[in-house]
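Enquirer: Sequence:
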Amino acid sequence: MGYSNTIGKLGKNNAALLGLLTLLSSCTQTPTRTGPASAVPAGPAPDSLFAQQTLAYPAFEESADFLVLCDFESPRQLQHFDASANQPAPSHVTTPTATGQGAMAVDPTGRETQLVFQPNISRWEGYNLFLTAIHSGSDGAICRVEFQPLDGPARTRSYLLQRGWNKLQIDLVELFGPGGPGRMSKVVYAFSSLADQPLHVDDIMLLDHRRYVLGAQEGHEGAMYAVKQGKYFRIGAHGRFELVFLNGRIDQWYDLSTDPQQQRNLAGRRGLGPFIHDAPADAEQDVVSARNLVSAKKRLNAVRLETQVFFGTEPTTTRSPDQAWRYAVTDDGRIGLECDLDGEAAVLAFETAADAGFEAVEGKVRTTAGNAEAVVEYVLLRRMGEQRGADLLASLRPWKAAHLPVDAATRLEDGRLIVEFRSEPAGGRTRVTGMLRVWPENLDHLGNAEPHVRSFVNRVPLVPGGPETTNDGANWSPAWEGQKDKPSAEPELE
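Position in the sequence shown (first residue = 1) + 29 = this note's numbering.
If you're looking for bench data, these hints aren't it; they were derived computationally from the structure.
We treat Cβ as the ideally placed atom computed from N, Cα and C, and that holds for glycine.
It cannot be assumed that every hint is accurate.
Here are the computed distance ranges between Cβ atoms for each label pair [claimed, not checked]: (1) Pro-87 <-> Arg-298: 25 to 33 Å; (2) Ile-171 <-> Ser-151: 22 to 30 Å; (3) Pro-469 <-> Asp-384: 20 to 28 Å; (4) Glu-141 <-> Gly-248: 44 to 52 Å; (5) Gly-476 <-> Gly-414: 14 to 22 Å; (6) Glu-415 <-> Pro-87: 44 to 52 Å; (7) Ala-183 <-> Gln-108: 17 to 25 Å; (8) Arg-298 <-> Thr-123: 45 to 53 Å; (9) Arg-173 <-> Leu-84: 26 to 34 Å; (10) Glu-442 <-> Gly-414: 18 to 26 Å; (11) Pro-469 <-> Gln-290: 14 to 22 Å; (12) Gln-108 <-> Leu-322: 43 to 51 Å.
Produce the entire structure from the sequences given, and follow the hints as far as they go.
Expert: What follows is the structure, encoded as structure tokens:
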């Protein structure tokens, strides 16, 4: 008995069909199951495999679609795995299991071993999160998961295993970009620093871990959309631009007007930024927690995103965030930003790919606020000629501190075109306000860019006591309300 392995989304009205597929999967040689994770059959038994997986993996319930590659309910699934040379073949066991009644056991004879998994379904398009559960008999073992697609280079993530079940979530967008890995050839589990105890593997699944806050996958030119995709937020306007945010920064930038398939990331190797140069020591540590708050104003066709970022070695809920980033993104390519920094960081920077055809042009705007005159420096990165496309316009200012000069400069370094805004430390916790334009693609000259900069500085207080920005998404202010997402942190080794 079996059924088609064709991957497709099932609507909520097909919950009964999903339950039938779940039942049939336990009878097939390759119990692959597909469908929306939210479409749980009405009244499922609390000990059913589907219910157990939903409880064991929170991302499973939140996802729009899923594909179970192996759940090890049948010993026949072990035919998709090959062990290292001189190592015993993996075996099927009924305990311990992460979910269900079966798992795969690996009994290595040394300190290192590996398993090669050749999935029966190689087309992974549309899925962006890889889930797997690994049981270790002791603390300290290391698991390296390597993905080898049919086309393109391999990508790897490493994890330090704890005693008991380790439920790994691997973001495929982070590894392979928005298009994912495409067709997958094999997945290699490489284990090292092993104790003299067996390992167990259970539940290998793919998820479409996306949630639309605004808009839809398709829309008319200029329609805004915002998608939560694991740790990422994708915010853009159809046919114009897309920005991918991670931990408060713009990680990727795509010009959809000239690159609708998103083949060319215009951001630098580390992302677009903003980055903090001359950062305090604690900001050099890894991000351990990022709390996100996102909201959308459909009437204004705009999206607001706020991220609070914590650095260090332990996540915390009691102290203030080390950084707080707030963005307001509108359909015409305007990005208003504010950031609160713990310390006296004096340099913020944006980075683009040096080979994307950008040419830097620096400009100044003189403006009067109250009784003071301020000079606002800005940088236009334009693309003309054969690589003509979206330009980047950027300017930053200390919040309510026009008396502090800000110097803009650009430089090339290690394949990146870097734009730096340097100011004198204001003392204490620092707040910076700024603007970006990532669309339209025809700014080209300072004369075209200056009106956008003036629009920005006229809406932001440049001297103490100046007028506050308003809570209107049509201006540059990111001050909106929203809903919080749960903090997230991954125990990854790089």
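Enquirer: Return the numbers of the hints above that this structure violates; sort them in rising order.
Expert: none
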